[in-house]
Every structure is written in C-alpha cells, then in structure tokens.
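Enquirer: Bring the two chains, given one by one in their own frames, into a single complex with the hints.
As you go down the protein sequences, you meet chains A and B in turn. All residue numbers for the first sequence refer to the numbering used here, where the first residue is 80 and numbers rise by one. All residue numbers for the second sequence refer to the numbering used here, where the first residue is 64 and numbers rise by one.
Hints were generated in silico from the structure; no laboratory data involved. The reader is advised that the hints may include incorrect statements.
Unchecked claim - Covered, in the sense of this in silico footprint (three residues per stretch, anywhere, with C-beta under 8 Å from a C-beta of chain B), are these stretches of chain A: (1) 194-205; (2) 238-252; (3) 279-289.
No experiment lies behind these values; they were computed from the predicted model shown. Glycine included, C-beta positions come from ideal geometry on N, C-alpha and C.
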Amino acid sequence: MSGKGKMSPSRRELLADATSLVAGAALAATTRVAQAAPPTKQPHRFGMAIDLGRCLRCQTCVVACAAENNVPPLGVAAAPRMRPIHWMDMLVPANAAVPSPLGPAPAPIPCMHCEQPACVRACPVGATYRADDGVVAQIWDRCIGCRACMVACPYSRRYYNWAAPAWPGGDASSANPDVALRPAGVVEKCTFCQHRIRVTFERARMEEESVTDEALRRLPACAAACPTGAITFGDLADPDSALSGLARDPRAVRLLEHLGTGPKVYYLRGKP
Amino acid sequence: MTTRRSLSLVLALLCGLVAPGLFAFTWQMLEGEALTGMRTVGAGGAVWGLYIVMDGYLLGAGVAVMVAACLARFSRDRDMEAVARIAMPVALACFLGAALSVVADQGRPWLAMRNLALYAQPSSALFTTFVTVGGVCLYGSLVHCVLARRPDLAEYAKRPSPWQGLQRILAAGYCGTPGQRYRRRKASFWMSLFMLLALLAPLVALAAIFTARPGRPPLVLGLEMLSFVILAATSGLGLLLGAAALVGRLGGVNAGLHPRGFARLGRILLLLVSLSVLVVILAEVVALKSLEPATSSYARALRAGVYAWPFWGAVVLMILAAMILWGAAQWQLLRPREVVTASALVLVAIFVQRYVLLVAWQTHGLSLPYRPGHYCPTWIELAVQLGIVALCVLLLLPSVRLIPFAPLTFDDEPAARPPRDARRTLLAGLWMCFASATTLVGFVFSGRAFTEPFLDPVVPASPFLFAIGLALLASAGVVYELVPERRAK
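Chain B extracted, bound-state conformation (with noise of 0.2 Å):
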C-alpha cells in the first residue's frame, strides 16, 4: 500500500511538472522563441541556451552510461551486470531527453523533422547527432536492453502481471537451451562492440558542436573538446550511481547495485573527477594565454568575470566530491552514501561547467568588438525543459515494469558451443550485407552525390535512409539470436 501510495504521487508529480510544460511548449510554438532568454548573437545575446545546453548534458551522459553498460556486459561480473541492467534504461531517458530537447529549441520543430529526414547534409555536426541519436543511440539501445533481458524476460513472462503478454512475445523462442545461451551471449558481445563505436560519433559531433569555433587555437580547442568528453563521462557514471541508489531503495537490495559494486564504481567515479579538474582548470590557463583576443576575453570572463561565480563553483563542487570519494576510500568507508552524495554534486558541477562552456563562448568569445552579452533562461524554457525530464521519466517507469531491475537468472557458466547453423549466419550475413548498403546509398547521397550542395539528394531522403540503415544494422544481432533452431532430424 505505501509503495503503491508513493508510486501513486511520484506519478502525480510527474504529470503536475509534464503539464506546465506542455503549456509553455505551445505557447513558444504560438508566441516563437522571443519568449525565451535567448537573444542575437552581437547584439547582446546568446542564440543557444538552455535546451542545446541540456542537449549537449544529457546526451554526453547517455552515451557515458550506455559505454558503461557495454563494458559492463564484456565483464561479465555479476556486479558489471547489474551496472549494465541498470545503465541500459537511464541512457535510453537521457537519450529521448535530448532528442525532446533539441527539438524544444528549432524554430520550426515540425519542419525540422521533416526537413532533416529529406536533406540533412553529413558536413553538418548537427546531421551526426540527429542521425545517430535516432538510429543508434535510441533504437540501438532499445534492441541491446531487450535483447541482453530476453533470460529475466522468459521468468518473468511465466508470472502473471498485465505484462505478461508483451513479455512473451519479448522473450519468445527463448528456452534457455545452451545452444541458445552461447547465441545470447555472442549477439550481446558484438552488439556491444557495434555501440561502442557507433556511440563515439555522436560524442565527438556533440564535443565539436560546443567547442569548435572559427579561429579558435587548436591546442585550446584539444583542451576542449577533451574536457567535455571527461566530463560526459564522469556525469554518466555520477548519474548511474544516483539511478542505481534509487532503483536499491524502491526495488530492493537485489534490483541494486551490491555495495562492493559502489565501491568500485566511487574509485572510478574519483579518477574521472579529479581527471575532470584537471583538464578544465589546464584549458581555462591555455585560454588565458591565448593570444588570439576572442580566446583570451572568454577566458577572462570564466576567471574573473560574469561566468567566475559559475565556473569557480562548480570547480569547487568538483573538488569537494573528489575529497568526499577520496576521505572515504582512505578510511575504507567508500559505502553508498557517500558514493551517491559525491556523484549528486559531481551531476550539479558538470552541468553548470556545461552551461557556461556554452553560453560564455556566444556572449564573450565572438570574434569581432561586439559588447558583451548575457543570457538567462525565462520561465517557459524552464518549464519546457522541466516538463521534458519528467516526460522521460514517465516514460521509463512503464518499462521498468515490463523489464524490472531484479534479475532472476545470471548466466555465468561456460556455454558449450553449438553445432555450426550456415543458415542462421547466411541469414543475419544477408541483414548485415543489406544494413551496410542502405547505410552507405543513405550516407553518400546525403552528401549530394552527383548533385549540388543546395538540391534534393538524388535518392530522395537520404537521410532517413541512412538512419534506417542504422537501425537495421543495430538489428542484425536480433536477426542471429532470433531465427528458429532446426529440429533434429
């Protein structure tokens, strides 16, 4: 009853915070973007602001916890497991959230998505992350979770829940059998390698969309884009330690993570952050003696400017969850608590270092004598961006009903390998072969082969088929474990 009783206002609070920004969402569609706290660029404004910054936080950190979760799965610890059964649903929330996020910042968000999947060109940073974001990042996720779920899916299937009917067709087919374990388990291997590559592009598309600029020194720009891929990962692993705290609490010890598990995650959490630190306090110094006059006026807005109090605050959080993790691994007191705390104030610092490495640049950092400007978010994108990360989160907790977090089977032992099946790797052959092609025709004609930068591609949506060649190359490993075994003559 209590349980039901909180889930009953953790719903309702959800949908008290979606509703307002649904309100605001029309409203900016109605009204446009002047409600917002966004101005021109040299007038006095900042042209991104909180949306692309949230975009750029929560899809850093989806691609964190999903590496996480596929270097977990190449363990094959009973720990790492529950690292990656953890990771796979927070990253599929970050990654709805960053899409939702990106499309609350477009002028024209309808037009975007359609005109995206006709003529999104490759020479744009945005084409990599909208493509992957879609093809990879979300569906590629969503089959990987299913797919590394299929044993627990096949218990659970067998009780009665009103899940129960889409946990059979989930788990179909799957009967435990060691033939079916070694596919299981060589499927998961390769999916995870095929995510952890294709994940790096996004990562790099979204480093380069909030560091590179015209003119910029190079070693600066290294500096930059080094410190915004640390920082993805630290707020990845500070954001599956909080989910992985949380999940503890409501769904028991065994839905969790083992308090061993925590530890070793803090010690790792530790190097990131004060990796973290590091990098940011040396590309704030390099900046500094730039001699190039826009590098040098951003970096002295962060020291000692508008953006000191941001910058240096969030230094300080850093620094105080790097002693917290550090006191506590010296006095062998590394436990939850003190995991979680640290990793809470590592999520705060990181998204303040987000925001200023974003906005500064527009208001401090332009190339020409413009005054200075400012940026400050108003209600609406407040409200918006409020509403978004509730939505996620109303989102998952139907998932986590259909996939809960405890697990009931763990298959650690060897799996005997099967007799060879030439039709099963003819097949997912085939699908691969299939997958690559779509891939390649969608992505060479989406960079106007054998027509000019400003027409149609010649195959049209180009775009939208390179997308969906992802999505069909991220299904191969579904195609391998799926296809039924033959029966014994």
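Next comes chain A alone, as it looks inside the complex (with noise of 0.2 Å):
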C-alpha cells in the first residue's frame, strides 16, 4: 500500500470508525443515565402526623429541627426584618379574614411533602422534586433563587436565605455534618430529616434487617424531640403502620385539601 493510501482511510473504515463513535457516544449517554438513576424503587410513601390534642405548644420541635437542619438563629436584630428561616413552625392564626383550618390555637406545620407539589411545577431547574419515597427533597446547588417555588407553594413553607447565614462567633464548626449549609439565594425547606432516613434503610440493608415502622415513628428530629410523643412519622404505603392508622382517625384532617396538592402531613383536632 502506498504511503498516500495510508494517510487516507478507506471508505469502509471512515464508516466503521464513525459507527463505533456514535455507538461509543449512546453506550456513554446510557451508562450516565443508569449511573445517576436512583439505586433502587422505593415503595414507601412517608408522611406524618401531628396530634393537636397531645401537642403543648412548646416549640421544641422548632429548635430541633433547627438544631438538627443546620438552620441558623435569626438574631435580635434581624427578627423584626421578617426573614426568619424555619423548616418547623408554628401556624399562628393572625388573619381574621382568613379562617385556621386546625382552630384557634397555634400548631406545628412543617412542608406539607404534598403527592402533587405546586413547588416543583414551578421550578424552572428542577431544584426541587418529588423523590421516589414521597420527600419533597431539594437540590441547593442547582437552586437559582428566583423564588417561583415560594410564591407557587399554598402553605408558605419554603424559606429563603436573604443573605449568607450568621452563625454565633461567626463559625459553624458545632453545624450537623450530616446536612449541607446553605449559601445566600438557595430556598430552603423541611425534608423529613431526609439524611435520618437514609442512614436508616442503610444500616438496615448492611446488617441485612427490615426497617421497622417503630424505627420510623421518631425519626424525623421534631418527632424524636416531641415531650408529648404528639408527631407521628411513618410510611403511608404500609396499611399497618401507625401513622396510616392515624391517617384513618376520624379527627384526621389535611391542610387546604380542597387544592388538590395532595398533602401528606394529618392534623388530628380536638382529644384523643
């Protein structure tokens, strides 16, 4: 062959050359797809439940899930700009004109971690999702701050980082290692101590158990911190768990049912 020929591939190998490329190019789309799907379908769907005739109004669900979420304190003197971040709060009726659906008194109201989330259609980067075990999670890196998700949400529940977070003595050494800080410009919410049940089904699948639904109740830090035992966590895909019995009580209600967001947090009202 000809040093002419050589420098010039033939028509069949510029083909085979080509062929191997785009199938090298699908097999590496593929293999990315596959790598970044979620390891395995859960068939849980978790929710909660919160107990307004056990509850005593003390907010330490409040300062546990601060505590537990790396959420730093507002402090005295950016309290009154009303840019508080609280993933668990208290639903104060201060609206006359506006009826409390839970009565006069105020209640624990975490994020709702609704089946049909007007958060997540709003995203325009897809920050926020509906994951395969029903949390409502959130992608802070991917967040652009445009706060679509916190006009879009009916309950209220998203938060906003105004400005980088001030911790006390200005580090953050004593934060929870297992939960990311936030920057400024990300939104914020609760995600059922998502790290918590993680862990959880890890260790489980490690030592080769089942995830008990006693292991569930408390797991959320506002459940685990709760004196009165007044927040009950819990797969609603399980007919035997305690939080669907719950669900069933008839002093169950949800919050804004009558949107269609699909809630999955049950207020029980009134004595047990």
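Expert: Below, the structure is given as structure tokens:
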C-alpha cells in the first residue's frame, strides 16, 4: 500500500469509525443515565401526623429541627426584618379574614410533602423534586434563587436565604455534618430529615434487616424531640403502620386539601 | 450645536443613572437580597417585588408594541408603517429591560443563566418567559427590525457617516429590484405572522405567573388574566405613542408619526383604556363576592384596605385618561398633545396596577391565616431598576443612529411576482425543517424525555437548544431574502 493510501482511510474504515463513535456516544449517554438513576425503587410514601390534642405548643420541635438541619439563628437584630427560616414553624392564626382549619390555637407546621407539589411544577430548573419515597426534596446547588416555588406553595412553607447565614461567633463548627450548609440566594425547606431516613435504611440494608415502623415513628428530629409524642412519622404505603392508622382516624384532617395538592401531613384535631 | 448639546446632556443623565444602578447591583450581589424590601411570604412580606413588577410591565408592554408593529406591517399603510418603524426599537428596549430585571431578581444570577440553559423545565412558566424572551422576543425582534428596514439601510449606506460600514453590511445585496421587493414583502409578512404567534407564549406565561395561585376561583383567575393582557396592550400602545411623540420632537416631522396617525391610535387607546377600567373593576367585584377566603381577603385589601389608595388612584387615572381622549375626540381635538398626555396617565396607572396585582396577592391573598404583610422597595431596588431602564435607553441610542427613524423609502407599489426560484425555496425550507427539528428536540428533552424530572436532560443543554431552534426559525426570513439571485444565462 502506498503512503498516500495509508494517510487517507478507505470508505469502509471511515464508516466503521463513525459507527463506533456513534455507538460509543450512545453507550456513554446510557451509562450516564444509568449511573445517575436512583439505585433501587423504594415503595415508600413517607408522611407525618401531628396530634393537636397532645401538642403542648412548647416549640421543642421547632428548636430541634433548626439544630438538626443547620438552620442558623435569626438574631435579635434581624428578627424584625421578617426574614426568618423555620423548617418547622408554628402556624399562629393572625388573619381574622382567613379562618384557620386547625382552630384558634397555634399548631406546628412543617412542609406538607405534597403528592402533587405546586413548588415542583413552578421550579424552572428542577432544583426541587418529588423523590420516589414521597419526600419533596431540594437540590441546593441547582437552586437559582428565583423564588417561584415560594410564590407557588399555598402553605408558604419555603424559606429563602436573603443573606449569607450568620453563625454565633462567626463559625459553623457546631453544625451537623450530615446536612449541607446553604449559601445566600437559595430556597430551603423541611426534608422530613431525609439524611436520617437514608442512614436508617442503609444501616438496615447492611445488617440485612428490614426497617420497622417503630424505628420510623420517631425518626425526624421534631418527632424525636416532642415531649408528648404528638408527632408521628411513618410510611403511608404500609397500611399497618401507626401513621396509616392515624390517617384513618376520624379526627384527621389535612390542610387545604381542596386544592388538590395531596398533603402528606395529617392533623388530629380535638382530644384523643 | 443645540441638538448635540442636548444629546450630550441626555447621555450624561443616562450614565448618571446607570452608574448608581451598577453600584447598587454589585452591593446586592455581595450582601444578598437582604438589602431589598422583599421579605418571606407568610412572615409578613412579599418575595417578589419591584424587579418582577417591572419585568411584567416591560415584557407586557414590549409584546404589545411588537404585536402593534406586526399588525402595522400587515396593513401596509403609510401612517402604520411609521408605527412599525418606531415600535421595533422600543420593543427591543422593553425586552432587554425585562430580561435584566429578572436577572437582577435572581438570588444567584450567574448560576441562573447557566442552569436555565442546562436544566430549564417546560412545566415552569418561567421556562416559557426565559426561553422565548431570549429566542423570540430579543433575537426575533432584532432580525425583524433589520429585515424590514433594509431598503432604508441601503439608502443610508450611500451617505457618509460613521455607521456606513455596518449599514452596508446589513443592506448587502439589496438593490430594490422587483424580485427583491416582492420577497421582502413576503418575508416581512411571514415574519410578522411568526412573531405574532410566538409572542403569545410569553404573554400567557407572564399572565399565569402574575395571576395563577392554587385555589383561586376560575372566574377570578380568568378575569385577572384577561385584565393582565388588556393592560399589557394598553401600556404598549401608551408607550408607543409616547415614543412616537419623542421621535417626532427630536427627529423631525418626517421621522415621527403623522397627526392623523396619532388621532387613529388615540381612538384605539380610548377603547383599550375603557376596556381596562371595566375589566379591572369587574375582576375586583367578582373577587369580593368570592367564597374563597384568600381571594376575598385580597379583594378587601384592594377595596378599602392598605392597597385602596394605589388601586383606586390607578383606576381614577385611567378614567381621567379616557375622559381626555373622549373629550378630544368629541370636539375633533385629538391632537398629539392630548393623546400623549392621556398615554402618560395610562402608563403610570398601569404600572401601579401591576404593582398592586403582584404584591397584594403575596401580602393579603395567602390561603392560611398568616398575618398580612407589606412591601416597600428600598433605594437599592429603585437604583437598580432606574439603572436598567437607563441602560436600555443608552443601548437604544446607537441603534437609532445605525437605523434612523426617518424613512427614505416607502414601498407601496405592487411588486410583480418574480419567476419561481426553486433553489431559494428549497434552502429556506431546509433551514425551517432544521430549525423546527432543533426546537422540537430541545423541547422534548427539556421535558426530561427518557429520564427522571430531577436529572439532567439526556441531550445536554436541551433548553438552550430549544432557544436556539426558535432563533433559527426566526432567521428563516433572512435565508429566504438573502440567498443571491441567479444570474441570467
């Protein structure tokens, strides 16, 4: 074969190269998708029940949530500026024009982790999504700070970092290493302590055991801290779970159910 | 000399507004949006404030101005041609202002531009506004503007000026032959039609962003959306008339709109203002009668609450503008002065209406009994917004020097259909097919086809691809018009 022939490949070689290039690209794309996809499909549907008859309105859940999830304290100077962050908060009826569905007393209110979340539809970049286990999760690195989700959420359960979080003494060394710190310009919300759920399930998988309803019941920080056990966490997909039983209770109501968002937090009104 | 001095003064004033705006924006970037008047919804504030109000105002007005330009191109009337000529740069400035206002509102603006190009999802109304503002409104309007003015550009390129080189490039190949005139009209017609259809998407998306909230009664929602669209049309016409008056004053009678044109548009403005007042009041009455507590709480805040002054003040301004126009029309005095006065009143009134519509819902229209909030923009927001408006005008000035408002040609004679040119049609057709395919692929994969909603699209940067596809579609007219004619054998 001449030198010239060696320099320019034949049509057959060119076609073979092109085919392998296309096949390689397709394989790479498929592999990327396969790697990125969740490893297992979990049939869970996590939810919460809050028994208002047992709730003391002590706000221990609010404090426990903030400590667990690295929510920085607002500070005396910033408090009047109305830019608080409370993943778990107390709904205090303060507008007489809009009647409270939970009665006149304050009630703990986390994110509702809706079945049809309005915030997910509103997010332009997919920074918030409904995970397979029903938790409405957030990808903080992807959030652009447009606040469309905050406007869309009928429960107003999303919070924006209007400025960089300020920690007492200027350092966040006491922060929980399991939860990422959020920068300024990012929206955040309750995650049902998703990191605890993951650890629990991972540990069970390694020990080749199944996660019991008892282990789930007090899993999130708010439920674990509640002195009267008014907050129950669990799997709504399991009909025998304590949560499913509470959801079937005649006292159980859900906030703004008529909007069709399908909230997964149940409130038990009145005395048990 | 006087004109040069006044121009220098205007430039100095604009630079004087841009500089503090840039400073305020930089400060906001460093310190976060804690410097603005926005606060958490439900904790006594509003998360969307002046920036989004201005986005809605400018984008709505820009779309209306561009629609007016497209309709004027269809009419092929001398007065309306002047409207189209003035409308296109005004619309471009509005779109740019709207885009910059949204960027200023983002918590992480640089990341926003990257992430929107990579991950934007069609389920979000913001996707439509972002993508179509970039792909259709800004780029499409620019292309339409240049294509429509190529005969004038060819004439201007013959005169010595600092812009002559660029004018020659933009008018390259145009000699005014019957075939070129025929093709220009055809391209202008299809381009106008494409723009008309494509501009509907951002307008509807914006109306949804401003008005759609979970649980709102459908009738209230429908009326609010209708009101948004009518107010956008009214503000667009008002802005156009103001710009026409300014162009006439600075560039001479030939550059501006004929008084007859002012009278015609003044009558349309009267109709739109009357309709706006009617729809705004109807929406308020229906919201007051609503059984949904959040809606009636919001309506009460407008009727006699904290928003009563701005709401009724804006209604009174609109009624006043309608009365000026009606009175002038009755006594045959519909002159530019009356029309421009009414337009100025309308522009102020609609800005206030936009403000009330967006902010009142966040502070007084919540579905749960949180305490009512309030919002007042800080000087940072005002400086940034004034800077954005000044920057848009500043960027508009060179474009006016490049393509002056004063027309040198008017093509109203019928142009004979040239012999069929299969090569040109084929090239334009292939271009459109490629552009449509790119748009489709971009849209489908932006919607996370073959993957999960929270993962990256399978085809990287699909939203960007979608915007590029739309821009390519908008460029089809360029291909059709610019393919060189075959030399006669």
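Enquirer: Now, for every hint given, state plainly whether the structure supports it.
Expert: Here is what the structure says about each hint:
no. : hint    : in the structure
1   : 194-205 : holds (count 8)
2   : 238-252 : holds (count 6)
3   : 279-289 : violated (count 0)
Of the numbered hints stated above, the single one contradicted by the structure is hint 3.
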